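J.: What follows is each chain in one-letter form.
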Amino acid sequence: MQFNAAQIASLINGNIEGDDTIPVSSFGKIEQAQKGQLAFLANPKYEEYLYTTDASIIIINDSQEIKQKLDATLIRVPDAYSAFATILASYKKMITAQLNGIQQPVYISATAKIGENVYIGAFSYVGDNVIIGDNVKIFPQVFLGDNTTIDEDTILYPGVKIYHECVIGKRVTVHANTIIGSDGFGFAPQKDGTFKKVPQIGNVVIEDDVEVGANATIDRATLGSTLIKRGAKLDNLIQIAHNVEVGNNTVIAAQAGISGSTKIGNNVMIGGQAGVVGHLQIADGTKINAQSGVSKSIKTPNSYVTGSPAYDYTSALRSQVLSRNLPNIEKRIMELEQLMQQFVAEKISS
Amino acid sequence: MQFNAAQIASLINGNIEGDDTIPVSSFGKIEQAQKGQLAFLANPKYEEYLYTTDASIIIINDSQEIKQKLDATLIRVPDAYSAFATILASYKKMITAQLNGIQQPVYISATAKIGENVYIGAFSYVGDNVIIGDNVKIFPQVFLGDNTTIDEDTILYPGVKIYHECVIGKRVTVHANTIIGSDGFGFAPQKDGTFKKVPQIGNVVIEDDVEVGANATIDRATLGSTLIKRGAKLDNLIQIAHNVEVGNNTVIAAQAGISGSTKIGNNVMIGGQAGVVGHLQIADGTKINAQSGVSKSIKTPNSYVTGSPAYDYTSALRSQVLSRNLPNIEKRIMELEQLMQQFVAEKISS
Amino acid sequence: MQFNAAQIASLINGNIEGDDTIPVSSFGKIEQAQKGQLAFLANPKYEEYLYTTDASIIIINDSQEIKQKLDATLIRVPDAYSAFATILASYKKMITAQLNGIQQPVYISATAKIGENVYIGAFSYVGDNVIIGDNVKIFPQVFLGDNTTIDEDTILYPGVKIYHECVIGKRVTVHANTIIGSDGFGFAPQKDGTFKKVPQIGNVVIEDDVEVGANATIDRATLGSTLIKRGAKLDNLIQIAHNVEVGNNTVIAAQAGISGSTKIGNNVMIGGQAGVVGHLQIADGTKINAQSGVSKSIKTPNSYVTGSPAYDYTSALRSQVLSRNLPNIEKRIMELEQLMQQFVAEKISS
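Residue numbers (our numbering), protein chains in the order written: chain V, 732 to 1081; chain F, 732 to 1081; chain C, 732 to 1081.
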């Protein structure tokens, strides 16, 4: 798609300096942008590129001074970064809205109900009694098990697998090959050392405005629901075990894992590769540092923990510094011991 | 499917109190259950829900006293939890047994051999000389490479990919998008800094009664077999490298990884996000705590280790406590140093 | 496929001892090999198997003495392991070259351009304007988004998903269900606690001779490109975040993760389950130990770090030893304190 400077300026309510008919068809970083691309300058650190870039249009802050002659058309706005983000979001929305219709071959059960303006890509599988809301976009090779519900405006990228009975809200995004609703890891140990499977017959409920990254796994509950609440954002390769609850607007970075039945509060931030033990409660606003291992419930809201096992961030940092300093600590003890020995020897001999 | 109280009682050999014709069609936790659901009460902590739940049928212990009037039909058994689990397992078995036939489109090589009562979902790929045993259930979008064998009663969930030559036993369950038989990570360093691939031409053998979670990876051996022995249970997102052996009834929690050629014994328990270095031996019955990093072989059966690098659990815990206490230890050394300095000063001046 | 001893000897320029017409059709470890298999003996530790193996042909070093009568045909070469690897590589190449043609059903956009000698497996999806070079092998159930480019001799295993606009080089291998080009994890926090998605409109560029394992994720850049440079080797389940650069011949082991915008130099080695924080620079030749957490840039080439947070390997090892020895250190402090107390008491009383 192609847009000219006038169209872009009108979208972000900006003022044009230069040729308002100049067209762009893609986006670039100001330091790498080519002819036909739209760039922005927000950070004064990159000001030099304003004069060397090949970008056709550049969005800049109202406050930006121009010190040399330049070729690009400029669009001035109060906040260049935010205006650029607005354009990107509109662009993505337009691209997504264009996805439409049902590609062949697909497998759609006769009992499935499909809304208006839906896209279903080739090789996708829609099971019995599935309900797909309006404007849902399902990329190729997706699997929707029997009785799943996918609410309006949700996007499922290629290869997503959603097991039977799961419920996905509005405006949810799930990236490629993520699994929702696989069995929780429940096995009862038997006297002969073997394990007997505990059937997992609950489901997963994902509320509105959640985003889940690629190759992640969210297990169904044993009974009841594993619950990801409104606005939570989960990164690639994360593991959510059975009966977990993840609170509103909680953010979990890549490769982190939450064990069974743990309840994570609202607005929690969990760093990459962190782990949380099962059956815990994590208070609202808690920050868990990357690679931490949380083994106890955190009851005070807005705590900040690190380490494995995790504890208070500031204390942990102090101990980490001292831990690196252990060779020095040992040396000081040895010196004290030597002096002490001398004193003891003198005392005996005196 | 719908069952009445008489049918359920006969399955678990229970005694009915109330209307034995009342029907249920799904399961619920006693605290959330709705009309038409079956629930159970095993833990006296939840007794209050007996009188407030909307469940139509509740399985209870023989020993459970009834203190108020209640609406539900009760079924009494010696062990309510175990009886409930039995019903769930029967239910899952029935559901699975109903899966049958070959959906279209599928790709099945003319040289593949397919047993009785098999389900193959749409968009699955069955390569040359594949052998599929009786009662195997293959969900949509599965890939079975040439010469793979899938033995009786095994379930492969959507998107599972099994590379050529791999051998899967009886009653195995593999969850969605898990990869079995991808190349081991073998590269020979060259003098110019590049790496030359070491071809991986072994396979993966998975014995009977194994369960593997979703989005896991089990690499094929360089030569010979990567081996997962009978009854092992592997969780989501685990990594098993080439030529690893995992013993009978060993349990590996989510996101753990085992490096190449390591042999894990029987009845080992490996916690989430733990890692084991290559070419080690881990004795039977070893317990490896979550997030541990095992860098040496463990020769004593039933050891319990933690930490990264991992060592004896009890010692590690003591050191962890002291490690957190390092600021205090440093303070004590400073006090000793000051006193000592004073003594030395006095001694010189005397 | 079947080969006789004369054909194999000619491929590796070896000298035959025994029947040069004897056929083999597969490979085995010398200790397990069966009739009809080719094995090798390089490590004298395994010499005994030379006399007990059922292998039909064994490749041995020129220097290997034969002390007993044996049945197998021998092929002598200067370096038996290297010769065996050469045969494996030739064998794999032949197998791959046989993959050819387009299986049905597939979805191929009318605007896609497909080279010579290409294999596209059933249920694969090739989007608009995709360019596929000569000799590319695409296994079943692969997704290639619009405008992706796959250069010559590249292999994509089953279920790989490559999002729109990504660029894959020559002789690249990507294992099953790996995701290339999913959205970077970018969300701008809003005043009400919610997050606003930052559209990710860059792409991923993978240069020649890269190998990526199974179930890995490589996110597209926000703007510009996430870049995996020539010859890098990435293992299963690794996470590469948006705008990361991975240098030439850098090796990243399973389950490691690199956070956004970090630049990893050339010939770096990153151990399994290690993590690197965002916006760092890691110097060429750095070695990062398994499970390390790198939180600061590493500026000195060929550094070796370990721990979480990671620092110099040798110092870290010394501190780790002392850390385990903390109970002893505390005991020594207590003894000093007691002696000191005694001195102080005596001094007061004197």
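Rather than coming from a laboratory, the hints here were simulated on the basis of the structure. Since we're looking at a predicted model, the values are computed, not measured. Some hints here could point you the wrong way.
Which copy is meant is left open, because identical chains are indistinguishable; a pair holds if it fits in one copy or across any two.
[Said to hold, decoys possible] Computed cross-link-like contacts, BS3-like style, restricted to lysine-lysine with a CA-CA straight-line distance of at most 30 Å: (1) 844 x 823; (2) 928 x 1027; (3) 1027 x 901; (4) 844 x 1018; (5) 1062 x 1027; (6) 844 x 800; (7) 776 x 766; (8) 766 x 1078; (9) 927 x 868; (10) 901 x 1018; (11) 844 x 1078; (12) 1018 x 994.
J.: Indicate, hint by hint, whether the structure satisfies it.
T.: Outcome of the hint check:
In this homomeric assembly, residue 844 and residue 823 come within 30 Å of each other (Cα to Cα) both inside a single copy, at 27 Å, and across copies, at 26 Å. Only within a single protomer do residue 928 and residue 1027 lie at most 30 Å apart by alpha-carbon distance; the minimum there is 27 Å, versus 32 Å between protomers. In the homo-oligomer, the alpha carbons of residue 1027 and residue 901 never lie at most 30 Å apart, since the shortest distance is 34 Å inside one protomer and 40 Å across protomers. In this assembly of identical chains, residue 844 and residue 1018 lie within 30 Å of each other by CA distance neither inside one copy nor across copies; the values are 41 Å within and 49 Å between.
Taking identical chains as interchangeable, the C-alpha atoms of residue 1062 and residue 1027 lie at most 30 Å apart only when they sit on different chains, with a minimum of 28 Å there against 35 Å within one chain. Taking the shortest Cα distances, residue 844 and residue 800 never come within 30 Å of each other, neither inside one copy (59 Å) nor across copies (43 Å). For the identical chains of this complex, residue 776 and residue 766 are intra-copy neighbours only, at 22 Å inside a copy versus 65 Å across copies, given an alpha-carbon limit of 30 Å. Taking identical chains as interchangeable, the C-alpha atoms of residue 766 and residue 1078 are never at most 30 Å apart, the minima being 88 Å within one chain and 83 Å between chains.
Proximity of residue 927 and residue 868 under a CA criterion of 30 Å is satisfied inter-copy only: 20 Å between copies versus 39 Å inside one chain copy. Taking the closest pair of Cα atoms, residue 901 and residue 1018 come within 30 Å of each other only inside a single copy of the chain (27 Å); across copies the shortest separation is 43 Å, beyond that limit. Taking CA atoms no more than 30 Å apart as the test, residue 844 paired with residue 1078 passes in neither setting, with 94 Å inside one copy and 92 Å between copies. For the identical chains of this complex, residue 1018 and residue 994 are neighbours both inside a copy (14 Å) and across copies (26 Å), given an alpha-carbon limit of 30 Å.
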